[in-house]
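Colleague: Each chain, written out:
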Amino acid sequence: AQKITQTQPGMFVQEKEAVTLDCTYDTSDPSYGLFWYKQPSSGEMIFLIYQGSYDQQNATEGRYSLNFQKARKSANLVISASQLGDSAMYFCAMRPRSGAGSYQLTFGKGTKLSVIP
Amino acid sequence: DTEVTQTPKHLVMGMTNKKSLKCEQHMGHRAMYWYKQKAKKPPELMFVYSYEKLSINESVPSRFSPECPNSSLLNLHLHALQPEDSALYLCASSHSERWGLAGDTGELFFGEGSRLTVL
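Protein chains in written order, with our numbering: chain A, 1 to 117; chain B, 1001 to 1119.
With the rest of the complex left out, here is chain B (with noise of 0.2 Å):
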């Protein structure tokens, strides 16, 4: 079983509607990333946050908004959305963004994806 927990594992929205994603790890991992992967294509970076704080935007349109509450929890909120949003988001965690840690080998843990769907 994955340590990375993401619900809901399916979603289906309407354009106009706001819904959010969610992402949990108990490793005491301190940094968490969202990832989208279209259909036969490698994950692609979204936002990567460090210590409850966001490090890294890769220019991602601002309909898709993350919030870290706390070290454990990872949203994203979805608002907006068009139908080529539609992919399998992926959350996943690491020891820390800035690798290089004692006994770190700089592995990602993933969650099983939300698959979302834009209509």
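So here's chain A without its partners, still in its complex pose (with noise of 0.2 Å):
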């Protein structure tokens, strides 16, 4: 079974300053991906960021990177140079690459991020 854990219910972040939203895992699949997601009021939840465990690299897309230490299992969100439309609710998951659970996306409970002007 995975699980997921996000220690942070809510952050703010001044605009224009960088942010981190923490996330640990614990697995026991040998292979696995680790997604972030935001969801605005709207409710859609909008695809962020992907990392592979076997990816040597941290993955990055635009003003988003993905802090990942596999030893410690842990992938980070780092936000930077927040705007006012970052606001909203972030969740890390993760979904195993191969095993009988391979459909099964599991999410942390989510970090409420609030951008002040």
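No lab work stands behind these hints, which were simulated from the structure alone. Glycine included, every Cβ here is placed at the ideal spot set by N, Cα and C. Hints may contain errors.
To be verified - Just the calculated beta-carbon pair ranges, DEER-fashion:
{"no.": "1", "chain 1": "B", "residue 1": "LYS1053", "chain 2": "A", "residue 2": "PRO117", "range": "31 to 39 Å"}
{"no.": "2", "chain 1": "B", "residue 1": "SER1065", "chain 2": "A", "residue 2": "ALA18", "range": "28 to 36 Å"}
{"no.": "3", "chain 1": "A", "residue 1": "GLY99", "chain 2": "B", "residue 2": "SER1062", "range": "22 to 30 Å"}
{"no.": "4", "chain 1": "B", "residue 1": "HIS1077", "chain 2": "A", "residue 2": "SER41", "range": "26 to 34 Å"}
{"no.": "5", "chain 1": "A", "residue 1": "SER28", "chain 2": "B", "residue 2": "GLY1028", "range": "28 to 36 Å"}
{"no.": "6", "chain 1": "B", "residue 1": "LYS1038", "chain 2": "A", "residue 2": "ILE46", "range": "18 to 26 Å"}
{"no.": "7", "chain 1": "B", "residue 1": "LYS1053", "chain 2": "A", "residue 2": "GLN83", "range": "38 to 46 Å"}
{"no.": "8", "chain 1": "B", "residue 1": "SER1055", "chain 2": "A", "residue 2": "VAL78", "range": "31 to 39 Å"}
{"no.": "9", "chain 1": "B", "residue 1": "GLU1044", "chain 2": "A", "residue 2": "ILE46", "range": "16 to 24 Å"}
{"no.": "10", "chain 1": "B", "residue 1": "SER1065", "chain 2": "A", "residue 2": "TYR54", "range": "33 to 41 Å"}
{"no.": "11", "chain 1": "A", "residue 1": "ASP26", "chain 2": "B", "residue 2": "ALA1080", "range": "36 to 44 Å"}
Take the two lone chains, each set in its own frame, and fit them into one complex as the hints suggest.
Modeller: The structure is reproduced here in structure tokens:
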């Protein structure tokens, strides 16, 4: 079974500053993917970034980067130069790459980010 | 704009009504999903369709009835719902249920959701 832990229920960040959202995970699967999704108040779950468990380099997508530390089982999301539109709920998620449970996308409880002008 | 389209965006229904939620994707994905999300909670998986066949049913009550008419469409038929079924219902799709194809990074693409209120 997989478990995702997001310990920050809410975070505040000043506009144009960088912010790190924490995510730790637990799994016995040898190969897996880690994902971050953004959910604005409108409800849509927007895919932000993906990190494979065997990827050597940390993933980056524009202002988003993933600080992946496999030994520590952490996959923190870094948002640089925060914008007001970044205010949303952010979910960390994990999916095994093989086995009977590979359909399962396990979510953390989420972190609500508020960007202050 | 999302490539997974859900209708309606909002639905209010009584406990005796029959209604349906619809989901459409044109990305050629072979797996489609229904999730239920209560306020301030993460999404919970309800159903998985793989190649138009029901693959996973996470012990969902029979008042929720999924249907996959073709590889692009996924419906969720609702009948005799309870007020506690009020939630955001999210549809998603992915390349396949069984991850691992070359070039497939395994992400699920979600729609905007259908916000359901049961009176």
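Colleague: 16 to 24 Å was suggested as the range; check whether the CB atoms of B/GLU1044 and A/ILE46 agree with it.
Modeller: 19 Å, holds
Colleague: Is it true that the C-beta distance of A/GLY99 to B/SER1062 lies inside 22 to 30 Å, as the hint says?
Modeller: Given a distance of about 29 Å, which is inside 22 to 30 Å, the answer is holds.
Colleague: Taking the Cβ atom of B/LYS1038 and the Cβ atom of A/ILE46, is their distance within the range 18 to 26 Å?
Modeller: Holds, at about 19 Å.
Colleague: For the pair B/HIS1077 and A/SER41, does the Cβ-Cβ distance stay inside 26 to 34 Å?
Modeller: For A/SER41 against B/HIS1077, whose Cβ atoms are near 28 Å apart, the range 26 to 34 Å holds.
Colleague: Measuring from beta carbon to beta carbon, are B/SER1065 and A/ALA18 in 28 to 36 Å?
Modeller: 47 Å, violated
Colleague: Between A/ASP26 and B/ALA1080, is the Cβ distance one that fits in 36 to 44 Å?
Modeller: 39 Å, holds
Colleague: Are B/SER1055 and A/VAL78 spaced within 31 to 39 Å by their CB atoms?
Modeller: Distance hint for B/SER1055, A/VAL78 holds at roughly 35 Å.
Colleague: Falls inside 31 to 39 Å, the C-beta gap from B/LYS1053 to A/PRO117?
Modeller: With a Cβ separation near 50 Å, B/LYS1053 and A/PRO117 fall outside 31 to 39 Å, so the hint is violated.
Colleague: Go ahead and decide if the range 28 to 36 Å is satisfied by the Cβ distance of A/SER28 to B/GLY1028.
Modeller: Between A/SER28 and B/GLY1028, where Cβ atoms are some 32 Å apart, the hint holds.
Colleague: Note whether the CB distance of B/LYS1053 and A/GLN83 lies within 38 to 46 Å or breaks it.
Modeller: About 43 Å separates the Cβ atoms of B/LYS1053 and A/GLN83, which means 38 to 46 Å holds.
Colleague: For B/SER1065 and A/TYR54, compare the CB-CB distance with the range 33 to 41 Å and indicate the outcome.
Modeller: 40 Å, holds
In the structure shown, a violation is registered for the earlier hints numbered 1, 2, in ascending order.
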